[in-house]
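Just so you know, the sequence shown maps onto residues 67 to 216 in the working numbering.
A couple of the hints might just be wrong.
Using 25 Å as the maximum straight-line C-alpha spacing, the simulated PhoX-like pairs for lysine-lysine come out as follows [claimed, not checked]:
| hint | residue 1 | residue 2 |
| --- | --- | --- |
| 1 | K209 | K115 |
| 2 | K148 | K138 |
| 3 | K110 | K136 |
| 4 | K148 | K136 |
Derived from the structure by calculation, the hints contain no laboratory data.
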Amino acid sequence: RTKCVGGIADGRGLAAALALGACGVQVGTCLLTSTECPIHENYKDALLKARDSDTIVTGRIGGSPVRVLKNKMAREYLALEKRGATLEELEHVTLGGLRRAVFEGDMERGSVMAGQVAGMLHEIKPLRQIFEELYTGSQAVLKATEAAWQ
67 RTKCVGGIAD GRGLAAALAL GACGVQVGTC LLTSTECPIH ENYKDALLKA
117 RDSDTIVTGR IGGSPVRVLK NKMAREYLAL EKRGATLEEL EHVTLGGLRR
167 AVFEGDMERG SVMAGQVAGM LHEIKPLRQI FEELYTGSQA VLKATEAAWQ
């Protein structure tokens, strides 16, 4: 058990990762919708409205892949990447993008980082509840699996 996997937003995902030999999991996107997370409310709302198909990876060509919600900035970046833009041209599109999303709530020109699990998020919850649901959900799945094998 030496691997840690990401893309986890519920107990089923946690149980699956552990069953496949992971020693831990990385949760990120689901924590953005916690009551304690200080990001702009527009960012949280965008995550809650997102479907699993609403993310895209930018930066693959340049070797710095980042998964973000599809928006004007992401579409512009991808178009530039495909046409072979320079690193300077690409940086011009993204410069200040994370700040625009996180602090200013600009969901069109900001870099709205999010994993594919965004489609699984439906409400803003306290961190404690998020972690309790991850744990109890995973335990229920693991116990049901164990019982099925006996």
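For which of the previously enumerated hints does the structure constitute a violation, in increasing order of number?
Of the numbered hints given earlier, the structure breaks just one, which is hint 1.
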